[in-house]
Amino acid sequence: MIQDYCKLRTPPSGHKPGDREPCYKSSLCAEHSGSCSWAALRRGVTSGTVGCCGSAFIARELPSSAGLRVPWCPAASCAGAVSRCRSILNAEGAASWVELCWEGLPSGSVARQGKAAGTMSRQANRGTESKKMSSELFTLTYGALVTQLCKDYENDEDVNKQLDKMGYNIGVRLIEDFLARSNVGRCHDFRETADVIAKVAFKMYLGITPSITNWSPAGDEFSLILENNPLVDFVELPDNHSSLIYSNLLCGVLRGALEMVQMAVEAKFVQDTLKGDGVTEIRMRFIRRIEDNLPAGEE
Amino acid sequence: MAVCVAVIAKENYPLYIRSIPTENELKFHYMVHTSLDVVDEKISAMGKALVDQRELYLGLLYPTEDYKVYGYVTNSKVKFVMVVDSSNTALRDNEIRSMFRKLHNSYTDVMCNPFYNPGDRIQSRWTKRMLRVLASSGHS
Numbered sequence: 001m002i003q004d005y006c007k008l009r010t011p012p013s014g015h016k017p018g019d020r021e022p023c024y025k026s027s028l029c030a031e032h033s034g035s036c037s038w039a040a041l042r043r044g045v046t047s048g049t050v051g052c053c054g055s056a057f058i059a060r061e062l063p064s065s066a067g068l069r070v071p072w073c074p075a076a077s078c079a080g081a082v083s084r085c086r087s088i089l090n091a092e093g094a095a096s097w098v099e100l101c102w103e104g105l106p107s108g109s110v111a112r113q114g115k116a117a118g119t120m121s122r123q124a125n126r127g128t129e130s131k132k133m134s135s136e137l138f139t140l141t142y143g144a145l146v147t148q149l150c151k152d153y154e155n156d157e158d159v160n161k162q163l164d165k166m167g168y169n170i171g172v173r174l175i176e177d178f179l180a181r182s183n184v185g186r187c188h189d190f191r192e193t194a195d196v197i198a199k200v201a202f203k204m205y206l207g208i209t210p211s212i213t214n215w216s217p218a219g220d221e222f223s224l225i226l227e228n229n230p231l232v233d234f235v236e237l238p239d240n241h242s243s244l245i246y247s248n249l250l251c252g253v254l255r256g257a258l259e260m261v262q263m264a265v266e267a268k269f270v271q272d273t274l275k276g277d278g279v280t281e282i283r284m285r286f287i288r289r290i291e292d293n294l295p296a297g298e299e
Numbered sequence: 001m002a003v004c005v006a007v008i009a010k011e012n013y014p015l016y017i018r019s020i021p022t023e024n025e026l027k028f029h030y031m032v033h034t035s036l037d038v039v040d041e042k043i044s045a046m047g048k049a050l051v052d053q054r055e056l057y058l059g060l061l062y063p064t065e066d067y068k069v070y071g072y073v074t075n076s077k078v079k080f081v082m083v084v085d086s087s088n089t090a091l092r093d094n095e096i097r098s099m100f101r102k103l104h105n106s107y108t109d110v111m112c113n114p115f116y117n118p119g120d121r122i123q124s125r126w127t128k129r130m131l132r133v134l135a136s137s138g139h140s
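Protein chains in written order, with this note's numbering: chain A, 1 to 299; chain B, 1 to 140.
Don't read these hints as lab results, they were simulated from the structure.
Note that this is a predicted model, so its numbers are computed, not measured.
Think of the CB as a built atom: it goes at the ideal place given N, C-alpha and C, for glycine as much as any other residue.
Do not take every clue at face value.
As the list claims (entries may be wrong) - A few chain B residues that don't get close to chain A, going by computed Cβ distances all over 12 Å: (1) 27; (2) 31; (3) 62; (4) 96; (5) 102; (6) 109; (7) 110; (8) 114.
Stated by the list, open to error - Label pairs and their computed distance ranges (CB to CB): (9) 144(A) <-> 12(B): 22 to 30 Å; (10) 57(B) <-> 184(A): 28 to 36 Å; (11) 121(B) <-> 136(A): 18 to 26 Å; (12) 236(A) <-> 66(B): 31 to 39 Å; (13) 94(B) <-> 152(A): 41 to 49 Å; (14) 12(B) <-> 205(A): 40 to 48 Å; (15) 63(B) <-> 153(A): 52 to 60 Å; (16) 156(A) <-> 94(B): 40 to 48 Å; (17) 199(A) <-> 12(B): 36 to 44 Å; (18) 169(A) <-> 57(B): 30 to 38 Å.
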């Protein structure tokens, strides 16, 4: 019976219960397991900071277990995203392995090890780094999607609306992945939001860093300038689709993602390289802060 | 200087054909058409034994008194035919090869356009630009 360890990793052979061993949350951590949140919980401590990994925790009851208290990250956005933030159950009768919420951990190295150890979770192979993928396959897939929509709907305006709706559905899900991978905190104003979108989000998902310009005097509108848009490599719009907004999916993604963090925004393309302009420009406008609790995926 | 460039589909119909002196275009159409026989002969001659080692560049297909015709076949049996002025003796073999390679690259870009259906005539703006580049590069 293993008593004194984080259950992320198995203790080395030859260990006896009661032996003092380093914390198994991370090979970087030399702290004794006694300062790990699990050990703290067993001692009756209900909140604090984990000595080994530095993340704050509070003790909460795991929804699925009867009365079992587990360490849980206290961040508000984490508590909402239960599907990704789960806890390790004690080995005495433990049913499933899940990952501790890694919010608040220093940059990724410990998180990677922790995630690697949570093997039975569905997201076992997702590291904090992005997987490499052929950008040509991505571009061709998006192109096939748009041409099929054009054949199905025959009318450019309908295609634009569908792309926006699809983008919205992607955005409401993508925001969870983004918040988990990027560890950014709450943005205090729209300018910070703009910076995070351009420097972190676009870089993470498309590999490009657009620039932010043309702030309105009230500070609620700005433009994202993309010099090269990976969605439109090799694409030429034929003349019978001149009012098609090819990359409208991006507008939907931005709108959906920001709506999930309680910001209603409007995104639209004002310049497009496919139509002959030099750069691609997306204009984002802040409408209002959303106070009600909207159910996710309402469309 | 390349006076005529043609892209021929697998079924031997032209996807794109353009000649630079626009008068007497029909003569170049005939030349390209007759060169297709030579191309087929070259492909089948290399034939079954060497199909892996067959080079894409076919070389000089046939010379006439005013012009020389060069050919290039891709692995998907799309043929590129280039008619060059005989008087321009400065054009060397590897220049012709590099012109064909550029043509092949621009054909690949056209294929990657999601709005292009394979088998359609090529009306892409890119190809026109590329051919202007090819025509001008022959001068240097």
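These are the hints, each one checked on the structure:
Non-interface status of residue 27(B) relative to chain A is upheld: no Cβ of that chain comes within 12 Å, the nearest being about 31 Å off. The non-interface label for residue 31(B) is consistent with chain A: the shortest C-beta to C-beta separation is roughly 30 Å, beyond 12 Å. Non-interface status of residue 62(B) relative to chain A is upheld: no Cβ of that chain comes within 12 Å, the nearest being about 35 Å off. The claim that residue 96(B) lies off the interface holds: its Cβ sits roughly 26 Å from the closest Cβ of chain A, which is beyond the 12 Å cut-off.
Consistency note on residue 102(B): stated as away from chain A, and its beta-carbon is indeed over 12 Å from all of that chain's, at 16 Å minimum. At the 12 Å boundary, the C-beta of residue 109(B) falls inside the reach of chain A, the nearest C-beta of that chain being 5 Å off. Here residue 110(B) does not stay apart from chain A, with its beta-carbon only about 8 Å from theirs, under the 12 Å limit. A cut-off of 12 Å between C-beta atoms contradicts the statement that residue 114(B) is not in contact with chain A; the least separation is 3 Å.
Evaluation of the 22 to 30 Å hint for residue 144(A) and residue 12(B) yields a pass: the beta carbon distance comes to about 28 Å. The hinted window of 28 to 36 Å between residue 57(B) and residue 184(A) is violated, with their beta carbons roughly 53 Å apart. Checked against the hint of 18 to 26 Å, the C-beta distance between residue 121(B) and residue 136(A) comes to roughly 25 Å, which is consistent with it. Restraint check, residue 236(A) to residue 66(B): a C-beta distance of roughly 36 Å satisfies the suggested window 31 to 39 Å.
Separated by about 48 Å at the C-beta atoms, residue 94(B) and residue 152(A) satisfy the suggested range of 41 to 49 Å. Hint check: residue 12(B) to residue 205(A), Cβ distance near 45 Å, so the stated range 40 to 48 Å holds. Roughly 54 Å separates the CB atoms of residue 63(B) and residue 153(A), a value that falls within the hinted 52 to 60 Å. Between residue 156(A) and residue 94(B) the beta carbon distance is about 46 Å. The supplied range of 40 to 48 Å therefore holds.
Taking the beta carbon of each, residue 199(A) and residue 12(B) are about 53 Å apart, not inside 36 to 44 Å as hinted. For residue 169(A) and residue 57(B), the Cβ-Cβ distance of about 49 Å falls outside the hinted range of 30 to 38 Å, so the restraint is violated.
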